[in-house]
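Asker: Each chain is listed here by its residues.
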Amino acid sequence: MTDPHNTPEPNTPDLVQEDQKITKDDPRVVSRRWMLMGFGALLNGVVGLAVAVPVVRYLLGPVKRKGAYNSWISLGSLEQFPAGETRLATYENPFNRPWDGETAKTACWVRHTGANKFQVFAINCAHLGCPVRWFPQSSLFMCPCHGGAYYADGSRASGPPERGLFEYAYKVVNSELHIDAGQMPTLSNPASPGQQAGNNNLPVINNSPKGCGSCTG
Amino acid sequence: MHWLKDTYNWLERRIQLEGPVKDAILHPVPKNTASWWYVFGSAAFTLLLLQVVTGILLAIVYVPSGAEAWSSLQILNHQLPLGWFLRAMHGWGSNFMVAVVLIHMAQVFFFGAYKFPRELTWILGVFMLLMTLGMAFTGQVLRFDQDSYWGLGIGASIASRVPLIGAPLVHIMLGGPIIAGATLTRFFALHVFVIPGMLLAFTGLHVWMVLKLGVNEWPMPGRPVNRKTYIKEYHDLAHNDGIPFVPGAFWKDLVFSGAILAAVAVCAAVFGPYGPTGQPDPTIIQTVPKPDFFFLWLYSVLSYLPANLETPFLLIAPVLGIAVLLALPFYAGEGEKSWHRRPVAVMVLALVAVSWGTLTHLATFTPWSPVMNAWSGATVPAKFVHNLSPTERQGAVVFQSKQCRNCHALGGEGGQRGPALDTVATRLTEDQLIRQVVQGGGNMPAYGTSLSPPEVTALVRFLTTLHPVGQPGATDASRADAETNSPPVKAQAH
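Chains W and X supply the protein sequences, listed in that same order.
In terms of the numbering used here, the first sequence is numbered consecutively and its last residue is 219.
In terms of the numbering used here, the second sequence is numbered consecutively and its last residue is 1538.
Just so you know, these hints were derived from the structure itself, not from any lab.
Even glycine gets a Cβ: it sits at the ideal position worked out from N, Cα and C.
Which residues of chain X face chain W? A partial, calculated answer using Cβ under 7 Å:
1) S1109
2) G1110
3) V1214
4) I1222
5) T1327
6) V1332
7) P1333
8) L1346
9) S1347
10) W1412
11) S1413
12) P1489
Some chain X residues judged to face chain W by a derived CB distance under 8 Å, without partners named:
13) I1198
14) R1205
15) I1223
16) D1325
17) M1416
18) M1488
Make a model of the complete structure from these sequences and hints.
Answerer: See below:
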């Protein structure tokens, strides 16, 4: 390929090939080098493992014990939820980051059954988590994704969901409705993991800037 | 031009790639592989490069922050010169890439190219398909609009169905307890670093093996693959009836890749970028989330599965499907390559293609979903209320106001979750209609508690008028019989 007229510099040697030609060493020296290399590999393995363990812990960071994400949140004054009606309420999720923006908000359906008795349903369909809508005329929650439907009390009416709507534990504190919330409810993560009395000593967080979302309309 | 050659020589003396590159491009391939059927792999590679380049260009502007991702896309779409075009190129590039990768895979399967000695090339390809789909899903997440938000919700709900570790799995996937900024950043890392890195490495190895093992020869019936003789047969074929890979076969790859790039650009220019749809505010529930094109089939499957099959299907079917694909070259590594001698393979391919097409088509009009605004948006056609009694007309009002229309079409308008009711009176008698409305059943909610008795009466009266002119409504034969043949005592009781 190289034309002698156009080559002012000598051919660059292929050093790798040159190397392979000259490695004719004493077998004992070779075996010692292999042993040292094995030691190097072992060292890297040990260090790698030591470095990998913190990485695993870092990656598992979001995993917390059951209920650790939950706290009592105020949905605002009881007056927003007239007896016999089901209204949309929104709150800021208690566990959030400064860069969450509007995704920190969460919505839920509050059904006031009368005499300070409530049912607070997660917005997420029990099938695959899409937001269910309340239709007061037919007293049904309908899901826009795969056609799940629920009755007014949250029980399954039809469609693919295998259970009723997820329900938050609630309590009434100083004429305000509080719910035990904090994580997206799914089949293995209940809306309120500890509905038992033990959870009542959780701190009350009041971060419900807008309160009832459907009251304006 | 002396200096050009001098520069080349100077470089080559240091890089020394000329030899290997020449070996690679001039290696002989069987003449019949220079076919338009063999262009999809290289086209997928070209699209991958397009995605890398357009992806980097988008990353210059995109902000992977829960609070700002959506608005940074708006700025790309509306404020930066040609930002919309780059988004469109990346979005359409992904559609084309998924499509071309699937076609490439179907072609390789159809031509028996996964057989000995190309088993590992196929296996790498299966992983590359999964990564391509992974890129498609994570890319949809980065759009961080309503579809993306609720798509993540669906992903989390699927993850939660995994036995034992479902709960922590959801939190690892979301990066916290809810879909939020932490979710976006981890999907950003997956989409921009992890999956592309692996995909590029796998692609390098995949192409390397294609070069080393040779392009699969055109399958001929009656020329089965035999592990003992294949290598020699292929060698003879490539050397006796072969041509150099470049330019003999490569020119078609080049032309097709150019055409594909042009097609992406035309689609991008004509149809524009994908979304973003509404902002990812979970309190805006007036939304109908839908996945991107390549996951529509899954959306259909999830709607049609019975509740008790859903979790097993979601968790077992993908594992089984991938296992079958990975095992394919081992249980069918020898034998006929030609589709003329592989009827089962042809039928499987046809079945998969037809199922995929049907499910995707269904998902474009989602007959399983209630049409949320049909009750207030679609009017009852005049012909259905013509000449009706006041009670029957009141029933039509109940029909609309109780959202029956969201699931039941009248005159071709309304939901398709339940049957169209244009001729329901020919199928159900009045008694059966009452029972169906009050008790529900067959996937219909019971309306006994949300309808008053007069409302039920009016509604059912209206429904009994829904039969074609000249075709009477359904009646209970035993009732008519009872009226004509009833004993006198009973008749007096009426």
